[in-house]
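Those sequence lines, one after another, are chains W and H. This note's numbering applies: residue 3 is where the first sequence begins, and numbers increase by one. This note's numbering applies: residue 609 is where the second sequence begins, and numbers increase by one.
Keep in mind the hints are simulated off the structure, nothing from the lab. There may be inaccurate statements among the hints.
Only part of the chain H face toward chain W is listed, based on derived beta-carbon distances under 8 Å [as the list claims (entries may be wrong)]:
#1 SER687
#2 ASN691
#3 ILE698
#4 GLY709
#5 VAL713
#6 ARG795
#7 GLY803
#8 VAL804
#9 THR852
No residue lacks a Cβ here, since even glycine has one placed at the ideal position from N, Cα and C.
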Amino acid sequence: MSSVVATHDEHHDHGPGKGILRWVFTTNHKDIGTLYMGTALVMFLVGGVMALIIRAELFSPGMQFVDPMFFNQMTTLHALVMVFGAVMPAFAGLANWMIPMMIGAPDMALPRLNNWSFWLLPFALLLLASTLFMEGGAPAAGWTLYPPLVLQGGAHLPFAIFSVHLLGISSIMAAINIIVTVFNMRAPGMTLMKMPLFVWTWVITAFLLIAIMPVFAGAVTMLLTDKFFGTSFFNAAGGGDPVLYQHLFWFFGHPEVYVLILPSFGVVSQIIPTFARKPLFGYSSMVYATASIGFLSFIVWAHHQYTVGMPIEGELYFTYATMLIAVPTGVKVFNWISTMWKGAMTFETPMLWAIAFVALFTMGGFTGLMMSISPADLQYHDTYFIVAHFHYTLVTGAVFAIIAATYYWLPKWTGHMYDERLGKLHFWLTTISVNLTFFPQHFLGLAGMPRRIPDYATQFAEFNAWSSVGAFVFGFSQLIFVYVIIKAVRGGEKATDEVWEGAREHGLEWTLPSPAPYHTWTTAPEIK
Amino acid sequence: MDVAISGTLPHLDDCARDQIGNEVVPVLEDGDYALDYYGYSKKERTVGNRHRSHCSDALYRCDPQGNDGIIRTVNNSESRKVNKRLVWSIVFVAVGMFGFGFALVPLYNVFCEVTGLNGKVKTEAVADAGYVVDQSRELTIEFITSVNESMPLAFRAEKSKMKIHPGQYYTVKFYAENTTDRKMIGRAIPSVAPGVASEYLSKAECFCFSEQEFEPHKLREMPVRFVIDPSIPENVKDLTLSYTFFDITDKNRN
Chain W
3 MSSVVATHDE HHDHGPGKGI LRWVFTTNHK DIGTLYMGTA LVMFLVGGVM ALIIRAELFS
63 PGMQFVDPMF FNQMTTLHAL VMVFGAVMPA FAGLANWMIP MMIGAPDMAL PRLNNWSFWL
123 LPFALLLLAS TLFMEGGAPA AGWTLYPPLV LQGGAHLPFA IFSVHLLGIS SIMAAINIIV
183 TVFNMRAPGM TLMKMPLFVW TWVITAFLLI AIMPVFAGAV TMLLTDKFFG TSFFNAAGGG
243 DPVLYQHLFW FFGHPEVYVL ILPSFGVVSQ IIPTFARKPL FGYSSMVYAT ASIGFLSFIV
303 WAHHQYTVGM PIEGELYFTY ATMLIAVPTG VKVFNWISTM WKGAMTFETP MLWAIAFVAL
363 FTMGGFTGLM MSISPADLQY HDTYFIVAHF HYTLVTGAVF AIIAATYYWL PKWTGHMYDE
423 RLGKLHFWLT TISVNLTFFP QHFLGLAGMP RRIPDYATQF AEFNAWSSVG AFVFGFSQLI
483 FVYVIIKAVR GGEKATDEVW EGAREHGLEW TLPSPAPYHT WTTAPEIK
Chain H
609 MDVAISGTLP HLDDCARDQI GNEVVPVLED GDYALDYYGY SKKERTVGNR HRSHCSDALY
669 RCDPQGNDGI IRTVNNSESR KVNKRLVWSI VFVAVGMFGF GFALVPLYNV FCEVTGLNGK
729 VKTEAVADAG YVVDQSRELT IEFITSVNES MPLAFRAEKS KMKIHPGQYY TVKFYAENTT
789 DRKMIGRAIP SVAPGVASEY LSKAECFCFS EQEFEPHKLR EMPVRFVIDP SIPENVKDLT
849 LSYTFFDITD KNRN
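Kindly produce the complete structure, drawing on both the sequences and the hints.
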């Protein structure tokens, strides 16, 4: 024993350590979950400020505040920060906090790897942010980093690419950890088909990450060698083809958007049964639907490239394959509605967010269906219609689910109930403003306003003004969220162990004390 | 979901030190950090729903539930082995996918050449295929010339379009003049639209087959001899042949 203790710091072995080093050296899944969530919240605000710079410039036609080059940097960084800095870390944080508690494991399977995969993240994000101060500025070719445009930028390229590499390594390690934890660390009796849906969706997400992140890493490495080492992967002069990059990117990019949304499905599948006071309707169909979506995501990538040109057979194939995704997604939506059907529903804040998720995400899904039709897509491509579409799926989808999850589990994490009144205020302000922001963008897109431009024709002025007003209300409403979290961390009404009436029936985490102790399930629960 | 934590938790006194290393509790090895997870502090701690008070360090070597209890560790040697196997197989998949990304490069080129996708054109000369000239069909072929932004070359075709019969050989002259004072080496990349037509267009002679040298301020004449396969689909009535010159002077110097 003494030899074991001697190899470790004293605080390391006994509960949370003291001071800042606790967070640097921690291998505790709850600590790492908190670190991930905190980083995600900060990056959400940083990316949000970038979005507000974009919306301020677009408030009226003409150039107001920023020059076009900086505007392009903002559109690019806003996307990269939100995808890799906010949404993915937030879900990794939720996975760290909740998966061990939900499957009855004492921690993640690979705690030190867990520490490393978190700590790569802030440095990768700093590397990305540092490009803002370089000659030629940050990457400005859009988050897709298409060559040849991205190769024509300034000094940022290698930094942005190394940042992407680090972010990729971080996500791959988190995915490995989640798969090993779920496969090897479940409590006795916790069979795969008894796992909470959040765990299921994360396992499938983890498999997607393992498959796609390396391909993306390869694609950006090719950009790097094209720029600095004279290769011609994407350079036509040397026999390469820039369209090849688009195929590689979207082979990553399409599953990536499911990486962002599948855990959201899991969160909503936890919350709705709790507040409908019914078991989830169609549990096994939910699992199979998630797996189908995961599989289909790999075979539809070229629907992002209809306008690049492909034979009619290709267009037909990608149209039908893409439409097929609506089937399992529809199964999920109907299951959520059926779960609520004749349930004894109450509308606490997490439930409000979850219901808004179902309604608004479905709308984003429908616009996606519109764009899957290749002849119609020629009109929608690269307009504000696509901007509206993916913000409905990612803001009212992924972000709403993350906020819902935070309200749902915050009492379990902190031991205090959050301020219900402020939570509802946050919900209503956000939901109204998010629609004011993004709904008019559908019309702008259909009328032909292109995306990624700092200036536009005057006929688009009115909808853009609405959209900008909505964006600012949305942005500032999130400060309520930050306040609610801080308030709950610092104190408030004590939460019961169960937190939500009857929640004990809906997951192992609600059988633990609130706040969840530093070490949980050191003795395995038995699941009958 | 029913959860039960079976057995009664032992009082501290029950945990005799001679229980260290019993079968249920995995033997800790140097470097194991299982203590993280069994490391109850001397303060009060709760485990599961049960309250356990004043556990001493000795407790982590005790089986809290007696021999029937289930104890799991994160990193005892047995679970380590199982985890390691899974980790390595996932790492193997991840590395494989990195390789797959690169394998897509040749696969993509082969796919495009076989299907004629993306207007990719055969870049080697084709011997006289002995087609029968189809006088009944007349196609329009257009010629487009462009230069990559970095190449100061005046590049044009002798005519912008012509009427042709499938199966017959035609020669079109392209002209390029180096407008600078330095020698340039260029490479022309051909492309055919619509993409399906690319596999029916064969060239017996073309400047795009090899790198071209341009002396300063010299005008060069470059003929292209081509033929359209008469089996080209009926619905193709117009096609476009485009050439883009890329400056590869610097690349060659390296």
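A quick look at each hint next to the structure:
1. SER687: At about 7 Å, which falls below the 8 Å cut-off, the nearest Cβ of chain W leaves the hint on SER687 (chain H) intact, so it holds.
2. ASN691: Because about 5 Å separates ASN691 (chain H) from the closest Cβ in chain W, which is inside the 8 Å limit, the hint holds.
3. ILE698: holds, 5 Å
4. GLY709: holds, 3 Å
5. VAL713: holds, 6 Å
6. ARG795: Cβ of ARG795 (chain H) sits 5 Å from chain W, so the hint holds.
7. GLY803: holds, 7 Å
8. VAL804: holds, 7 Å
9. THR852: At about 7 Å, which falls below the 8 Å cut-off, the nearest Cβ of chain W leaves the hint on THR852 (chain H) intact, so it holds.
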